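If you're matching them up, the sequences are chains D and X in order. Heads up: the first sequence begins at 1 in our numbering, then just goes up one per residue. Heads up: the second sequence begins at 1 in our numbering, then just goes up one per residue.
Honestly, the hints are just simulated from the structure, not real lab data. Keep in mind that the hints are not guaranteed to be accurate.
If several chains are the same, the list does not tell them apart, and a pair holds so long as it fits within one copy or across any two.
To be verified - Keeping only pairs whose Cα atoms sit at most 30 Å apart, straight-line, the calculated DSBU-like set for lysine-lysine is:
id, residue 1, residue 2
1, K333, K168
2, K123, K144
3, K396, K30
4, K333, K25
5, K191, K210
6, K30, K144
7, K168, K396
8, K30, K123
9, K123, K25
10, K333, K396
11, K25, K191
12, K333, K91
13, K210, K333
14, K191, K91
15, K333, K30
16, K91, K210
17, K396, K123
18, K396, K191
19, K144, K333
Nothing here was measured: the structure is a model prediction, and the numbers come from that model.
Read off the chains here:
2 protein chains.
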Amino acid sequence: MSRIVQKYGGSSVADAESIKRVARKIARAKQRGDAVTVVISAMGDTTDELMDLAYQVSPQPQTRELDMLLTTGERQSAALLAMALNDLGVKARSYTGSQAGVITTERHGDARIVTITPGRIEKSLAQGNVTIVAGFQGVSQDTKDVTTLGRGASDTTAIALAAVLGAKYCEIYTDVDGVFTADPRIVPTAKRIPEITYEEMMEMAAAGTKVLHLRAVEYARREGIAVHVRSSFSDNPGTWVKGHADIAKGNQMEEAMITGIASDASEAKITVVGVPDEVGRAARTFDVMAAAEINIDMIVQNVSAVSTGRTDISFTLPMSDGQRAVQALNAVKDEIGFEELLYDDQIGKVSVIGIGMRTHPGVTAAFFDALAANDINIDMISTSEIRISVIVEAPKLATAVQAAHTTFGLDTNGEAVVYAGTGR
Amino acid sequence: MSRIVQKYGGSSVADAESIKRVARKIARAKQRGDAVTVVISAMGDTTDELMDLAYQVSPQPQTRELDMLLTTGERQSAALLAMALNDLGVKARSYTGSQAGVITTERHGDARIVTITPGRIEKSLAQGNVTIVAGFQGVSQDTKDVTTLGRGASDTTAIALAAVLGAKYCEIYTDVDGVFTADPRIVPTAKRIPEITYEEMMEMAAAGTKVLHLRAVEYARREGIAVHVRSSFSDNPGTWVKGHADIAKGNQMEEAMITGIASDASEAKITVVGVPDEVGRAARTFDVMAAAEINIDMIVQNVSAVSTGRTDISFTLPMSDGQRAVQALNAVKDEIGFEELLYDDQIGKVSVIGIGMRTHPGVTAAFFDALAANDINIDMISTSEIRISVIVEAPKLATAVQAAHTTFGLDTNGEAVVYAGTGR
Numbered sequence: 001m002s003r004i005v006q007k008y009g010g011s012s013v014a015d016a017e018s019i020k021r022v023a024r025k026i027a028r029a030k031q032r033g034d035a036v037t038v039v040i041s042a043m044g045d046t047t048d049e050l051m052d053l054a055y056q057v058s059p060q061p062q063t064r065e066l067d068m069l070l071t072t073g074e075r076q077s078a079a080l081l082a083m084a085l086n087d088l089g090v091k092a093r094s095y096t097g098s099q100a101g102v103i104t105t106e107r108h109g110d111a112r113i114v115t116i117t118p119g120r121i122e123k124s125l126a127q128g129n130v131t132i133v134a135g136f137q138g139v140s141q142d143t144k145d146v147t148t149l150g151r152g153a154s155d156t157t158a159i160a161l162a163a164v165l166g167a168k169y170c171e172i173y174t175d176v177d178g179v180f181t182a183d184p185r186i187v188p189t190a191k192r193i194p195e196i197t198y199e200e201m202m203e204m205a206a207a208g209t210k211v212l213h214l215r216a217v218e219y220a221r222r223e224g225i226a227v228h229v230r231s232s233f234s235d236n237p238g239t240w241v242k243g244h245a246d247i248a249k250g251n252q253m254e255e256a257m258i259t260g261i262a263s264d265a266s267e268a269k270i271t272v273v274g275v276p277d278e279v280g281r282a283a284r285t286f287d288v289m290a291a292a293e294i295n296i297d298m299i300v301q302n303v304s305a306v307s308t309g310r311t312d313i314s315f316t317l318p319m320s321d322g323q324r325a326v327q328a329l330n331a332v333k334d335e336i337g338f339e340e341l342l343y344d345d346q347i348g349k350v351s352v353i354g355i356g357m358r359t360h361p362g363v364t365a366a367f368f369d370a371l372a373a374n375d376i377n378i379d380m381i382s383t384s385e386i387r388i389s390v391i392v393e394a395p396k397l398a399t400a401v402q403a404a405h406t407t408f409g410l411d412t413n414g415e416a417v418v419y420a421g422t423g424r
Numbered sequence: 001m002s003r004i005v006q007k008y009g010g011s012s013v014a015d016a017e018s019i020k021r022v023a024r025k026i027a028r029a030k031q032r033g034d035a036v037t038v039v040i041s042a043m044g045d046t047t048d049e050l051m052d053l054a055y056q057v058s059p060q061p062q063t064r065e066l067d068m069l070l071t072t073g074e075r076q077s078a079a080l081l082a083m084a085l086n087d088l089g090v091k092a093r094s095y096t097g098s099q100a101g102v103i104t105t106e107r108h109g110d111a112r113i114v115t116i117t118p119g120r121i122e123k124s125l126a127q128g129n130v131t132i133v134a135g136f137q138g139v140s141q142d143t144k145d146v147t148t149l150g151r152g153a154s155d156t157t158a159i160a161l162a163a164v165l166g167a168k169y170c171e172i173y174t175d176v177d178g179v180f181t182a183d184p185r186i187v188p189t190a191k192r193i194p195e196i197t198y199e200e201m202m203e204m205a206a207a208g209t210k211v212l213h214l215r216a217v218e219y220a221r222r223e224g225i226a227v228h229v230r231s232s233f234s235d236n237p238g239t240w241v242k243g244h245a246d247i248a249k250g251n252q253m254e255e256a257m258i259t260g261i262a263s264d265a266s267e268a269k270i271t272v273v274g275v276p277d278e279v280g281r282a283a284r285t286f287d288v289m290a291a292a293e294i295n296i297d298m299i300v301q302n303v304s305a306v307s308t309g310r311t312d313i314s315f316t317l318p319m320s321d322g323q324r325a326v327q328a329l330n331a332v333k334d335e336i337g338f339e340e341l342l343y344d345d346q347i348g349k350v351s352v353i354g355i356g357m358r359t360h361p362g363v364t365a366a367f368f369d370a371l372a373a374n375d376i377n378i379d380m381i382s383t384s385e386i387r388i389s390v391i392v393e394a395p396k397l398a399t400a401v402q403a404a405h406t407t408f409g410l411d412t413n414g415e416a417v418v419y420a421g422t423g424r
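Between the sequences and the hints, there should be enough to build the whole structure, so can you do that?
This is the structure:
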């Protein structure tokens, strides 16, 4: 009997019927003889609805109380799933993050898992229960207050549990059939990727592939946990995320130059115009962003114009943080001494990702040629060892992704792409 | 600075606006310099909605999981109230029953408070916080599972906390202006009772007065906690529940024969016809009810007819348990050997309550005369030292209550009755 951890996202447990469907899926795994631990998200839009309620009560809800409020969502779905399983004759018990021993830092709304003390989980598994843990939450090491783990947190909870329980693998059930060579909504000929390395998955996630959250992949890589991403709406094979050595020869990505094309329409660009080209001025700009807890993605600093002694700094950030960023920068306009701010959220990011790049020269050239051939201007560029990302005009995003997908030979030969689910 | 405990029911925190209103009420108490601990119920119909959800998922939800599900309601309102208070500049922190140290028995759905270990509450009060505790819930002493305390439980939580914290008194905020000489919806001339003894309040509660739950009054009496029942929708004086010695002379109830008339339309009557008049047959009937965890109220056993050697047993029980009771009894029909079961839920209970009865003879006669004068037949009778209850036909209930209210001189002299609130 081997241990496995399964995680089901909110869209997989959106209502009573979905919860029963998920229960049947879990019951089948249990019948295969596995010892199953399940991490569950809140039902459908519950978290958003609770957030709305909080803002009806308070213009700026305290983070401690917001965590107390939001964590009830996963507790509800966990309890309901346990009821549904028991009806199927499968013994099940639900646990809050705190009961499950998920110990975190104290930072409400974005806590990190410090350790997991799985005493009660181990006991529950020993009793033969399917053990259901409310995702996204834990308890603060020092204050013993309820905390939430921030975005992608239920995936991270599942992988952390898989590690501490010595699980054979971690299944992440979502509303898509796995990781594709491109977003099938943009590229209908995109192919499911049967196996992908942690490194490539991290680049895909960082570049906008929403299927699995970056932090969760990092955690899986560090702990060496094999992750199986698949749909809770089908029994299709999905995508395995593994260490390079564990990837089946036939699927090893050296054979292909490029693993996939990621796209992200959720970023905006800020250009700080006319920054005096003196030591520390640019740094100060990013201090301000850091203080506002805004994550910067790409950065370009133009060569300073000798005549003016001033330079422009452009960077991208999540569109949702755009207005806060502009306010924060304007607040220090005189201190930094820039001339003006330009804000543009009509941009899209296209990323070409593949370990194959290391050994194949000319990928950049081929990518840029494909964009040029489609009249697409490149606004910003950033690269890693196995990724090239460019910013283009938002209206050109889809064309750019399709062009790259074709150029690197990723289009299916008529193989139908299964894309179940409710969208994320 | 004196400590007080306040409890707000679900109808007092039905939506965001109500929560803010309650927050302002608490802020005023805090400004008077009191150290305030608040026990809060779930918002409006939240508990019913969660219950519906559970039954959508499972025909018979496990009680452990049901408790995990239902307790989220109070956690949500507690967190929201804390947010609202902090917005008013009043430091506040919310705690789950478990965090507040409410240790209970293991019986899910109807656990009893074993003890309260108020370490975190004391710490929070010492920090000057309004300390908000999710009502209706605790944690099981042995299993450490989340439990719920059953009906009237938030009142009990509040009174238990008042006792352990050494509070000056416990305020129960509800949607009515206090305890009245009769249900003002039935008797418009009913008067608010300014002060009432624990014993009378217990009889009123047992006899159907919903304002305060019997178990909570028992607890207050045992701990000697003064309870102030009042409306969260007004600043009206409400009703004090106290020990007899603490009742102001002017309000002492010896001066009046009768304190109030209680009515209850929620009971049904079962008559077991033709029970062999042998030792243990009747007892067996009530064993069956006990096994089904159904509370019996009034019992009448007719004199056995010598000719047949059989007798009839009638008893009243909550209407909501009626069908279960009938099924349970029919299952043992042959064993008990009765002839048939009669079920009647068209009944009402009228109770006359007052410590004055002890010293005033003739109360029973006056009561029955009033009923006779209104053509109301008495079906069953039960009495205690300070209460007389009768069962009448449901359609006659209101008339019976009004008649008793007038007979015992409880009608107001034109004084308007304030009856705010949303109904319970």
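To see whether the hints hold, each was checked on the structure:
Neither within a single protomer nor between protomers do K333 and K168 lie at most 30 Å apart by alpha-carbon distance, with minima of 54 Å and 56 Å respectively. In this assembly of identical chains, K123 and K144 lie within 30 Å of each other by CA distance both inside one copy and across copies; the values are 22 Å within and 13 Å between. In the homo-oligomer, the alpha carbons of K396 and K30 never lie at most 30 Å apart, since the shortest distance is 48 Å inside one protomer and 59 Å across protomers. Taking the closest pair of Cα atoms, K333 and K25 never come within 30 Å of each other, the shortest separation being 56 Å inside a single copy and 44 Å across copies.
Proximity of K191 and K210 under a CA criterion of 30 Å is satisfied intra-copy only: 16 Å inside one chain copy versus 64 Å between copies. In this assembly of identical chains, K30 and K144 lie within 30 Å of each other by CA distance solely across copies; the values are 26 Å between and 34 Å within a copy. In this homomeric assembly, K168 and K396 never come within 30 Å of each other (Cα to Cα): the closest approach is 43 Å inside a single copy and 70 Å across copies. Taking the shortest Cα distances, K30 and K123 sit within 30 Å of each other inside one copy (17 Å), while across copies they are farther apart (45 Å).
In the homo-oligomer, the alpha carbons of K123 and K25 lie at most 30 Å apart inside one protomer (23 Å), although the nearest pairing across protomers, at 46 Å, exceeds that limit. Taking the closest pair of Cα atoms, K333 and K396 never come within 30 Å of each other, the shortest separation being 33 Å inside a single copy and 80 Å across copies. Proximity of K25 to K191 under the C-alpha cut-off of 30 Å is restricted to the intra-copy arrangement: shortest distance 25 Å within a copy versus 61 Å between copies. In the homo-oligomer, the alpha carbons of K333 and K91 never lie at most 30 Å apart, since the shortest distance is 62 Å inside one protomer and 35 Å across protomers.
With identical chains, the CA atoms of K210 and K333 are never at most 30 Å apart, being 35 Å at best within one copy and 64 Å at best between copies. Proximity of K191 to K91 under the C-alpha cut-off of 30 Å is found in neither arrangement, the shortest distances being 39 Å within a copy and 55 Å between copies. Taking the shortest Cα distances, K333 and K30 never come within 30 Å of each other, neither inside one copy (61 Å) nor across copies (43 Å). Taking identical chains as interchangeable, the C-alpha atoms of K91 and K210 are never at most 30 Å apart, the minima being 33 Å within one chain and 39 Å between chains.
Proximity of K396 and K123 under a CA criterion of 30 Å is satisfied in neither setting, with 55 Å inside one chain copy and 59 Å between copies. With identical chains, the CA atoms of K396 and K191 are at most 30 Å apart within one copy only, with a shortest distance of 22 Å there and 76 Å across copies. For the identical chains of this complex, K144 and K333 are neighbours neither inside a copy (41 Å) nor across copies (55 Å), given an alpha-carbon limit of 30 Å.
Consistency note: the structure conflicts with the earlier hints numbered 1, 3, 4, 7, 10, 12, 13, 14, 15, 16, 17 and 19.
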